[in-house]
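Trainee: Listed below are the residues making up each chain.
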Amino acid sequence: MITTEGPRARTRRQVQQSHGKYGRVQVAVNELDERLGLARGGRIFLDKLFPDHWSFMLGEIALYSFVVLLATGVFLTLYFVPSQTIVTYHGVYKPLDGIKMSEAYASTVNISFAVRAGLLIRQMHHWAADVFIGSIVVHMARIFFTGAFRKPRELNWVIGLTMLILGILNGFLGYSLPDDLISGTGIRIAYSILESIPFVGSYLAFWLFGGEYPGNIIIERFYIIHVLIIPLVLLGMVGAHLGLLVRQKHTQFRGKGRTEHNVVGSPMFPTFMAKTTGFLLMVTGALALLGGLAQINPIWQFGPYEASKISYAVQPDLYMGFLDGALRIMPSWQWTGWGHTIPWEVLFPAIIFPGLLFNLCFAWPALERWFTGDNAMHNLLDRPRDRPKRTAAGAAVFALVFTLFCASATDVIANYFGVSLNATLWFFRAAVILVPIVTYYLTWRVCVEMLHGGRHMGKRKRAMVVSRTPEGEYVAAPSDMRPGDEHSELRPAPVPEQIDMEPLEPVGATTTVSSPGIRRVRR
Amino acid sequence: MSDSGSTFETPGTQVALEVASGGPSEGDGHRTAVPIPTARLDDPHLQEAARFPRRTEAIIALFLLVGIGGVAAFGAAYVQNAPSWVLALSMGVGLFAMGVGLTAWGKYLMPQGPFVEDRHPLANSRRDQEAMAAALVERTGVVVKRRKLLGGLLGGGMGIFGIVTLFPLLRSLGPLPGKTLFTTGWKSGTYLVDSTGTRIHKDQMSVGGILTVYPQGKENTDRGQAVDQTVLIRAQLTDLVTMKSRANWAPTGYVAYSKVCTHLGCPVGLYEQLLELLVCPCHQSMFNVRDGAVPVFGPAPRPLPQLPLYIDSTGFLRAQRGYNQPVGPGFWERTTEGNGTA
Ligand code: FES
Numbered sequence: 102m103i104t105t106e107g108p109r110a111r112t113r114r115q116v117q118q119s120h121g122k123y124g125r126v127q128v129a130v131n132e133l134d135e136r137l138g139l140a141r142g143g144r145i146f147l148d149k150l151f152p153d154h155w156s157f158m159l160g161e162i163a164l165y166s167f168v169v170l171l172a173t174g175v176f177l178t179l180y181f182v183p184s185q186t187i188v189t190y191h192g193v194y195k196p197l198d199g200i201k202m203s204e205a206y207a208s209t210v211n212i213s214f215a216v217r218a219g220l221l222i223r224q225m226h227h228w229a230a231d232v233f234i235g236s237i238v239v240h241m242a243r244i245f246f247t248g249a250f251r252k253p254r255e256l257n258w259v260i261g262l263t264m265l266i267l268g269i270l271n272g273f274l275g276y277s278l279p280d281d282l283i284s285g286t287g288i289r290i291a292y293s294i295l296e297s298i299p300f301v302g303s304y305l306a307f308w309l310f311g312g313e314y315p316g317n318i319i320i321e322r323f324y325i326i327h328v329l330i331i332p333l334v335l336l337g338m339v340g341a342h343l344g345l346l347v348r349q350k351h352t353q354f355r356g357k358g359r360t361e362h363n364v365v366g367s368p369m370f371p372t373f374m375a376k377t378t379g380f381l382l383m384v385t386g387a388l389a390l391l392g393g394l395a396q397i398n399p400i401w402q403f404g405p406y407e408a409s410k411i412s413y414a415v416q417p418d419l420y421m422g423f424l425d426g427a428l429r430i431m432p433s434w435q436w437t438g439w440g441h442t443i444p445w446e447v448l449f450p451a452i453i454f455p456g457l458l459f460n461l462c463f464a465w466p467a468l469e470r471w472f473t474g475d476n477a478m479h480n481l482l483d484r485p486r487d488r489p490k491r492t493a494a495g496a497a498v499f500a501l502v503f504t505l506f507c508a509s510a511t512d513v514i515a516n517y518f519g520v521s522l523n524a525t526l527w528f529f530r531a532a533v534i535l536v537p538i539v540t541y542y543l544t545w546r547v548c549v550e551m552l553h554g555g556r557h558m559g560k561r562k563r564a565m566v567v568s569r570t571p572e573g574e575y576v577a578a579p580s581d582m583r584p585g586d587e588h589s590e591l592r593p594a595p596v597p598e599q600i601d602m603e604p605l606e607p608v609g610a611t612t613t614v615s616s617p618g619i620r621r622v623r624r
Numbered sequence: 166m167s168d169s170g171s172t173f174e175t176p177g178t179q180v181a182l183e184v185a186s187g188g189p190s191e192g193d194g195h196r197t198a199v200p201i202p203t204a205r206l207d208d209p210h211l212q213e214a215a216r217f218p219r220r221t222e223a224i225i226a227l228f229l230l231v232g233i234g235g236v237a238a239f240g241a242a243y244v245q246n247a248p249s250w251v252l253a254l255s256m257g258v259g260l261f262a263m264g265v266g267l268t269a270w271g272k273y274l275m276p277q278g279p280f281v282e283d284r285h286p287l288a289n290s291r292r293d294q295e296a297m298a299a300a301l302v303e304r305t306g307v308v309v310k311r312r313k314l315l316g317g318l319l320g321g322g323m324g325i326f327g328i329v330t331l332f333p334l335l336r337s338l339g340p341l342p343g344k345t346l347f348t349t350g351w352k353s354g355t356y357l358v359d360s361t362g363t364r365i366h367k368d369q370m371s372v373g374g375i376l377t378v379y380p381q382g383k384e385n386t387d388r389g390q391a392v393d394q395t396v397l398i399r400a401q402l403t404d405l406v407t408m409k410s411r412a413n414w415a416p417t418g419y420v421a422y423s424k425v426c427t428h429l430g431c432p433v434g435l436y437e438q439l440l441e442l443l444v445c446p447c448h449q450s451m452f453n454v455r456d457g458a459v460p461v462f463g464p465a466p467r468p469l470p471q472l473p474l475y476i477d478s479t480g481f482l483r484a485q486r487g488y489n490q491p492v493g494p495g496f497w498e499r500t501t502e503g504n505g506t507a
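Sequences listed follow chains C and P, in order. Quick note on numbering: the first sequence equals residues 102 to 624 in the numbering used here. Quick note on numbering: the second sequence equals residues 166 to 507 in the numbering used here.
Treat the hints with care, as some may be off.
Stretch by stretch, here's where chain P covers chain C in the computed footprint (C-beta under 8 Å, at least three residues) [said to hold, decoys possible]:
hint, region
1, 230-243
2, 286-293
3, 302-313
4, 328-340
5, 490-499
Each computed DSS-like pair below joins lysine-lysine, with the alpha-carbon atoms no more than 25 Å apart [as the list claims (entries may be wrong)]:
hint, chain 1, residue 1, chain 2, residue 2
6, P, K367, P, K344
7, C, K252, C, K357
8, P, K409, P, K367
9, P, K344, P, K383
10, C, K252, C, K490
11, P, K352, C, K410
12, P, K272, C, K410
13, P, K272, C, K357
14, P, K272, P, K352
15, C, K122, C, K195
16, C, K149, C, K490
17, P, K272, C, K201
18, P, K367, P, K383
19, C, K149, P, K409
20, C, K357, C, K195
I should point out that these hints are in silico values taken from the structure, not numbers from a laboratory. Computed from a predicted model, the values in this text were never measured in an experiment. By construction, the Cβ of each residue, glycine as well, lies at the ideal position given by its N, Cα and C atoms.
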């Protein structure tokens, strides 16, 4: 390798000759492999196959909005001041000039108006949080309805669900940080919910808030939980989630050549990597568009928080809507006796109900295993209709949560439709019980119908030829298959070890391969 | 691979098109099991999905160009300190277009297979599983069971440490509630003041008027605003009796209720003048002003506590005494007394 010329002067061919066919890349791989032993594992990783289906990208949306959350979040920490110290605002935003507010609120207004690209990043962060939570929910629906949570993937289901809960929690904390009038009311409600827990409630509330509400420390505490503790846990869980995905390999739908014991798809490198990196860019781009064009949480319009003030339309962030709805339609049942109070009107909708709901979700894989007695490995996905009861149960839960979400707008609905608030309330009290039941039954019926009635669904229709036999009988038979009627898939092959890149024929010639599914190769 | 130079063909030489399966070939050292044959470039599995690759390439190139334009425009817009919709549009469209281009490249112009690989069962053999369990159980037995005393001491020590750490951890977070939740800033004789600290004179408000009041001196404190806040309503010109036991609590129609909702503590900030209802905007609890703020609608379980008032000789409104019950939402230690009737 010792030559008189410097490396720059050597031609590509010379480099290749001295290092082997793959040139410098080969040298780099060798050096790394000698230190880390990664050649074999790395190769297997590059070969790793990802089954393809549109629904598999839902989790990617969640992952990439998390990436955006981290990036925009870091930007925001540079300018946000987590402090409840009262200052008088004299900034760019004139309508608030001279108004007393906490430093947290002042710095958020500052981010929105005085920091370059601050408003864009702030709104992107907020949108990304909503998209993060929303896409986790949709992704989990996909997992649930296709049975992807079954053995061996129960642990990933649990991790995913935990991430959803942490995401909701962190969304609430982040929403609270600007200390504006609406989010401050949210904090007040959170304090009261903590207080409602029997035996320990007032202690928990006092410990979290460093004393009686509002105290002067809650923004700081929320801040450190929001920017450090929960993101760190989430980051670890994202790693575990993806690690398990790689280790257990992705599930796949049934199809040609696909079994419980193989994976059919396109390879990590370069196909999947290109698609998923492109998707990262698309998610980021979409969030940037939302962040700059769709206003969200304009805190400068709400004004700073003052404990005795309230704005008219108090609405929590989207993902909290179902809890707010539950609080609204709960009857005012408190229990008192023996010198104590149990505020069921808060305890049930805000603590017990979500507790039951999430625990049911946590336990579902175990419950299903127990009910069906099915302890086998499942790598092939169900279609939702294949499991009418499971699909119906999932749909019922979604219906319940959606009804509660709508119930969080009782006042808006009553105003809009001109019905009394009382009628709206009772409508939702009935709906919250009836809608899930009806949804369960309808979904179950539809699944059963599809399962038994629609065996040919998804296949291309063929003309029916009706012919008359000499005896006068009419017979209907499907017409012969025309070319292209049935799309023929190739038999899956292993990822090749090496690809022969040399031209097979002189440039300009075309190779025509006649077997179905193979296209011309132009050179 | 130190002698790599000699094991690789030099470029330009035709490599064997197909390597006999099983035969050792360069590069198959990675996979010891079954060597996979070299694929030819015209292997159908390596073909791109695009029907018209040239056209597809052109379209993708267009997307990538838009992407480059977008992110470059974003840079320019940032330098110019453009409004955020310009930043969003340039960055968003740029990244999105670039993403579409790259995804389409992957989808239409890269080999899709279908390729297949085996799923190797995750489980090890029964023997391995047994060995693991045996190691756990038997070694624990050897160490702990044989030395029950030590095991107990160690467990006890760790347990005590765990509990002991909880004390500084939790107790340093905040004070104990004690009687805090039962008290407010209202004392006997406290003047009612508005948010600027001005006392309220008996002639100041007309019927139907409403005002948020605080105990004098507390109007600018956190606690005064969060806990002591009280709504003062002039319901009529003559004394108002909201309940039998509250005969002289509302002189000349001035009636005062805690402004902290008994549901979840929102300020009960809306007053429906015609119906004489106080409305909480959070979950629409409604309290009847004339009947001692008994909830007539919504999830609030208790009336708003009423503050007994009197008018002193100079005509200013003052509190006879503090609230007779904790204000705000319910909690475990809250006693039943004062639940609406007292
Ligand atoms: S806080 Fe007043 S109704 Fe819920």
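Trainee: Hints first: check each against the structure and report whether it holds.
Mentor: Here is what the structure says about each hint:
Counting residues of the region 230-243 of chain C whose C-beta lies closer than 8 Å to any C-beta of chain P gives 0; at least three are required, and the coverage claim is violated. As drawn, the region 286-293 of chain C meets chain P at 5 residues by the rule of a beta-carbon pair under 8 Å; at three or more, the given contact holds. Here's how the region 302-313 of chain C fares: 11 of its residues keep a CB closer than 8 Å to some CB of chain P, so the rule of at least three is met and the hint holds. Three residues within the 8 Å Cβ limit are the bar, and the region 328-340 of chain C against chain P gives 0, so the coverage statement is violated.
With 0 residues carrying a beta carbon less than 8 Å from a beta carbon of chain P, the region 490-499 of chain C misses the three-residue requirement, and the given coverage is violated. Between P/K367 and P/K344 the CA atoms are separated by roughly 33 Å; this puts the pair beyond 25 Å, and the hint is violated. For the suggested pair C/K252 and C/K357, the alpha carbons sit about 23 Å apart, so the restraint of at most 25 Å is met. Distance hint between P/K409 and P/K367 is fulfilled; the C-alpha atoms sit about 23 Å from each other, no more than 25 Å.
Under the criterion of a C-alpha separation no larger than 25 Å, the hint pairing P/K344 with P/K383 is consistent with the structure, at around 19 Å. Proposed proximity of C/K252 and C/K490 is supported: the alpha carbons are some 18 Å apart, at most 25 Å. A C-alpha spacing of about 23 Å is found between P/K352 and C/K410, which places the hinted pair at or below 25 Å, so the restraint holds. In summary, the hint linking P/K272 to C/K410 is not supported, as the alpha carbons are separated by about 55 Å, beyond the 25 Å threshold.
For the hint linking P/K272 to C/K357, the alpha-carbon distance of about 20 Å falls within 25 Å, and the restraint holds. Using a Cα cut-off of 25 Å, the hinted pair P/K272 and P/K352 is violated, with the two alpha carbons roughly 75 Å apart. Taking the CA atoms of C/K122 and C/K195, the gap is about 67 Å. The hint is violated against a cut of 25 Å. Annotation: proposed proximity of C/K149 to C/K490 is violated, straight-line Cα distance about 34 Å (limit 25 Å).
For a cut-off of 25 Å, the pair hint linking P/K272 to C/K201 is broken: about 56 Å separates their Cα positions. As the CA atoms of P/K367 and P/K383 are separated by approximately 21 Å, the hinted pair is consistent with the 25 Å bound. With a CA separation close to 80 Å, the supplied pair C/K149 and P/K409 exceeds the 25 Å bound. Pair hint C/K357 plus C/K195 does not hold up; C-alpha atoms about 66 Å apart against a cutoff of 25 Å.
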